[in-house]
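Engineer: Make the full structure from the sequences, and use the hints.
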Amino acid sequence: MDCDDHQDLVYTPPPSSRSESRMRKKPTQPPQETMQQFWNGFNSKFPGLVHTVLPDNPYARNKAARTPSGVVQGQHASKSYEQARAECQRAVERIARECERLNQKYTDPHFDIEVDLKCRRRNYLEGLDEENLEMLPRGVKRVTEIFEKPEFYINGPTASDVRQGRDGDCWFMAALCTMGNKQGLIEKICVARNEKVGVYGFLFYRDGEWQQCIVDDKLYLRAADYDESVEERSIWDDINRIDTEEEYRKVWQTGSRALYFAQCADENETWLPLLEKAYAKAHGDYSAIEGGFVGEALEDLTGGVTSDVLTSNILDKDRFWKEELMHVNQEFLFGCGTGIFANWLEPDYTGPPRDRKGICENHSYSIMEAREVDGQRLLRLRNPWGKKEWTGAWSDGSEQWTPEWMEKLGHRFGNDGFFWISYDDLLKKYQHFDRIRLFNDDWTVTQQWTSLNVPWSATYHSTKFVLDVKTAGPAVIVLSQLDERYYKGLSGEYDFDLKFRLQKEGEDDYFVRSHGNELMWRSVNVEVDLEVGRYHVLMKVTAYRNKEKLPVEEVVRRLAPTRRSKLLQIGLSYDLAHAKGIVHETEKEKRARQEREERRKAAERRKRREETKERLQKEWVRARKLEARHKRLDARFAAKSGKKQQRLVREDDPSEEIIPDGPVQLPVNEPDLTRKGSIPSISLEDSHVPDHCVRSGSKNSLSVRVKDSSSYNAAKAEFLEGFEFDSELDMSSDEEPIEEVRTPVKSVSSAGEGDANSDPWNAVCVVGLRVYSKDPQLSLEVLRPVPEDDVEASLDMDDPSASAATE
1 MDCDDHQDLV
11 YTPPPSSRSE
21 SRMRKKPTQP
31 PQETMQQFWN
41 GFNSKFPGLV
51 HTVLPDNPYA
61 RNKAARTPSG
71 VVQGQHASKS
81 YEQARAECQR
91 AVERIARECE
101 RLNQKYTDPH
111 FDIEVDLKCR
121 RRNYLEGLDE
131 ENLEMLPRGV
141 KRVTEIFEKP
151 EFYINGPTAS
161 DVRQGRDGDC
171 WFMAALCTMG
181 NKQGLIEKIC
191 VARNEKVGVY
201 GFLFYRDGEW
211 QQCIVDDKLY
221 LRAADYDESV
231 EERSIWDDIN
241 RIDTEEEYRK
251 VWQTGSRALY
261 FAQCADENET
271 WLPLLEKAYA
281 KAHGDYSAIE
291 GGFVGEALED
301 LTGGVTSDVL
311 TSNILDKDRF
321 WKEELMHVNQ
331 EFLFGCGTGI
341 FANWLEPDYT
351 GPPRDRKGIC
361 ENHSYSIMEA
371 REVDGQRLLR
381 LRNPWGKKEW
391 TGAWSDGSEQ
401 WTPEWMEKLG
411 HRFGNDGFFW
421 ISYDDLLKKY
431 QHFDRIRLFN
441 DDWTVTQQWT
451 SLNVPWSATY
461 HSTKFVLDVK
471 TAGPAVIVLS
481 QLDERYYKGL
491 SGEYDFDLKF
501 RLQKEGEDDY
511 FVRSHGNELM
521 WRSVNVEVDL
531 EVGRYHVLMK
541 VTAYRNKEKL
551 PVEEVVRRLA
561 PTRRSKLLQI
571 GLSYDLAHAK
581 GIVHETEKEK
591 RARQEREERR
601 KAAERRKRRE
611 ETKERLQKEW
621 VRARKLEARH
631 KRLDARFAAK
641 SGKKQQRLVR
651 EDDPSEEIIP
661 DGPVQLPVNE
671 PDLTRKGSIP
681 SISLEDSHVP
691 DHCVRSGSKN
701 SLSVRVKDSS
711 SYNAAKAEFL
721 EGFEFDSELD
731 MSSDEEPIEE
741 VRTPVKSVSS
751 AGEGDANSDP
761 WNAVCVVGLR
771 VYSKDPQLSL
781 EVLRPVPEDD
791 VEASLDMDDP
801 SASAATE
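Numbering (UniProt numbering), first residue to last: 1 to 807.
Hints are supplied without guarantee of correctness; some may be wrong.
[Claimed, not checked] Pairs of lysine to aspartate or glutamate residues, derived as DMTMM-like cross-links and limited to a Cα-Cα distance of at most 20 angstroms, are as follows: (1) Lys141 / Asp116; (2) Lys188 / Glu82; (3) Lys631 / Glu610; (4) Lys504 / Glu531.
[Unchecked claim] Across the chosen pairs, the derived CB separations fall in these ranges: (5) Pro455 / Glu209: 26 to 32 angstroms; (6) Met326 / Arg354: 39 to 45 angstroms; (7) Lys357 / Arg61: 53 to 59 angstroms; (8) Pro455 / His515: 21 to 27 angstroms; (9) Phe413 / Asp374: 18 to 24 angstroms; (10) Arg354 / Asn268: 34 to 40 angstroms; (11) Gln89 / Pro55: 49 to 55 angstroms; (12) Asp318 / Tyr544: 55 to 61 angstroms; (13) Lys196 / Pro561: 41 to 47 angstroms; (14) His584 / Met326: 32 to 38 angstroms.
For the record, the hints were derived by calculation from the structure and aren't laboratory data. Beta carbons: idealized from backbone N, C-alpha and C, even for Gly.
Structural biologist: In structure tokens form, the structure reads like this:
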């Protein structure tokens, strides 16, 4: 290889982009100050959160006033449920009496789907922020008009009843399938009804408390009424039936199959569509309940705590089978899904969900039971569609099934959504599990809420929760944020990721961290056994700015003129939720603030006292120097005048006293030099002031004024020691403070770059901590940072910068 060939292979780096660009301006300040200036402009000068959207909302004020603060004691986990249940039953009874008195069926004025649909408002089908053109119901009728013999329950609510409709709420349907496998769970949320009047009351768990939701019996239909239909009526009339209208009604508007959304398998059972309607009303509309995870729905329906478990993260699969899956429908409920990362290589894919041997991607399934028979680990799953099943091993018609196995597992073939799958295939085909822990009356719950300003650089927040454990035992600690599904469109431009760690008071290191929910961002939790003592819960909240969302104030500004009714509906839900985040100063915090204020004022007084003392000392020294200068000038003046008089006497007649023609003016107020420490005011004519005493640019006379007070007595030179001031007026300075004039610094952003001040960082998250335990005396409080404290939590032990930070 010759030299030229060798040179051709030598890598030449590309020219620097800096060299090609125009020369930068000469810096006017150090780089660190430039960086600090950037971050000061990056963050909002007025951080905060919109707590109330509606003007002067009294409901939000009352809600905020009832929010507990300070030290909160635990209560039975079922107390909130019992209170909400009693309230819901009273409300349903009151509505029923009113309707019977008026001889009218109940119409929900806050969720009248018939008027909303036929007036083309679609407030109960579409959300605040977007249209949903896929939801196209064509009619609305009451339960008594749809079903020939309507019954709320037929042989109780079961998983077999569930059929998903034309809403994308498979996660909610899968949760109901799971609950239907455990007796009493669905009945627990359907607490009151009057089927004659058409009023139904349900309970849902929202942000740490049970809340009621009351609906009427109107439901959406797939087909329009005969008299209102356009296409269907003309086709039906061509059939030439005896009673065309009645035949049309029986075919298109009768029974469960006529419903547009969820329906029960039985043609006359009604609990499922009414429950779905109540869930949609609680969230604002049917679009709000599209898309989600089984665990989130089970939390809303049971009040339990959910954790997502990725299949790839399971350490011991045998232990997971024995300690968790085998306890399904007892301590835990389980849901599962797959395809969470199915389209990461094709982010623009918009086709139907792909199929994995009958298992649909991005779809939720219920785990109904787990069995270990003759060494075989098998699970029974349910598709909420009520059809389309697994086609692998142990599927319907597969070779694994024998009459003996059919009898052992009690299975029957059929396209009903139920299927069996082996544990190994379950782990291969499903990527995540939603595990929900249930709580009975043995458990108590303690909770607190607060607001956090979330910085761009995510660190452990200085605000923390403090637990005081009186009885050792198991505990489930849950850190959650507000469920934004209840006010979709007003959730703001930030998404939040929660983490926390638990450490005992007085110890520097933590002993457990929250279980990281990879998919569900609403909450994180940890299960731990706690000993007696005080524990600190340190929170780490990471904010992500979502460019597809607008700030709350901008959404309100845009929609207030055009969507008043919808904004009132969602805005009220927003205000009631964010009332939890309003920080109320406790008596303890008030006393601490007053003490800090007193310490600050005392420090200011000490500082002013020292400054005044130093100023008076300087004035005293300056007065002594002026007094000495005055004596020297006076002596020189006296000596000069005496010599002149003596010279005149000697020239004329030494024996006579001759008055000179030009009189010499002596000071009118001759100082009493016998009183030491008193410095008089002197006024010297220009001719009598030595050249070295005349300052450039000064007046022709030198005037010195010194206060004639005992404070300048030389005999009391140490008078400042132990000097006490009776008031702040004693420390007032005669001199006006000189204001520092700062030259404004230009923005650091170069031409063509975006201005950081145009959209500053302002992320605020409302978080709540719930602690489930068997300790009725466990207490919880929020510990907010003291301004003068500057204590940072140590980094996590697996943080890449942990070692460098501790060197």
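Engineer: Take the hints in turn and mark each one as holding or not.
Structural biologist: A quick look at each hint next to the structure:
Restraint check for Lys141 and Asp116: the C-alpha separation of about 13 angstroms stays at or below 20 angstroms, so the hint holds. Under the criterion of a C-alpha separation no larger than 20 angstroms, the hint pairing Lys188 with Glu82 is consistent with the structure, at around 10 angstroms. At roughly 32 angstroms between alpha-carbon atoms, Lys631 and Glu610 are farther apart than 20 angstroms, so this suggested pair is violated. Proximity of Lys504 to Glu531 is assessed by CA-CA distance (about 10 angstroms); at most 20 angstroms being required, the pair is judged to hold.
Here the CB-CB span from Pro455 to Glu209 is close to 30 angstroms, well matched to the stated 26 to 32 angstroms. Here the CB-CB span from Met326 to Arg354 is close to 31 angstroms, at odds with the stated 39 to 45 angstroms. The hint said 53 to 59 angstroms for the Cβ distance between Lys357 and Arg61, and at roughly 56 angstroms that hint holds. Taking the beta carbon of each, Pro455 and His515 are about 24 angstroms apart, inside 21 to 27 angstroms as hinted.
Checked against the hint of 18 to 24 angstroms, the C-beta distance between Phe413 and Asp374 comes to roughly 21 angstroms, which is consistent with it. Between Arg354 and Asn268 the CB atoms are about 37 angstroms apart, so this pair conforms to the stated range of 34 to 40 angstroms. For the hinted restraint 49 to 55 angstroms between Gln89 and Pro55, the CB-CB distance of approximately 34 angstroms leaves it violated. Remark: the range hint 55 to 61 angstroms for Asp318 to Tyr544 is contradicted by a beta-carbon distance near 38 angstroms.
Separation of Lys196 from Pro561 is about 42 angstroms and conforms to the stated range, judged on CB atoms against 41 to 47 angstroms. Between His584 and Met326, the C-beta spacing of about 46 angstroms breaks the proposed range 32 to 38 angstroms.
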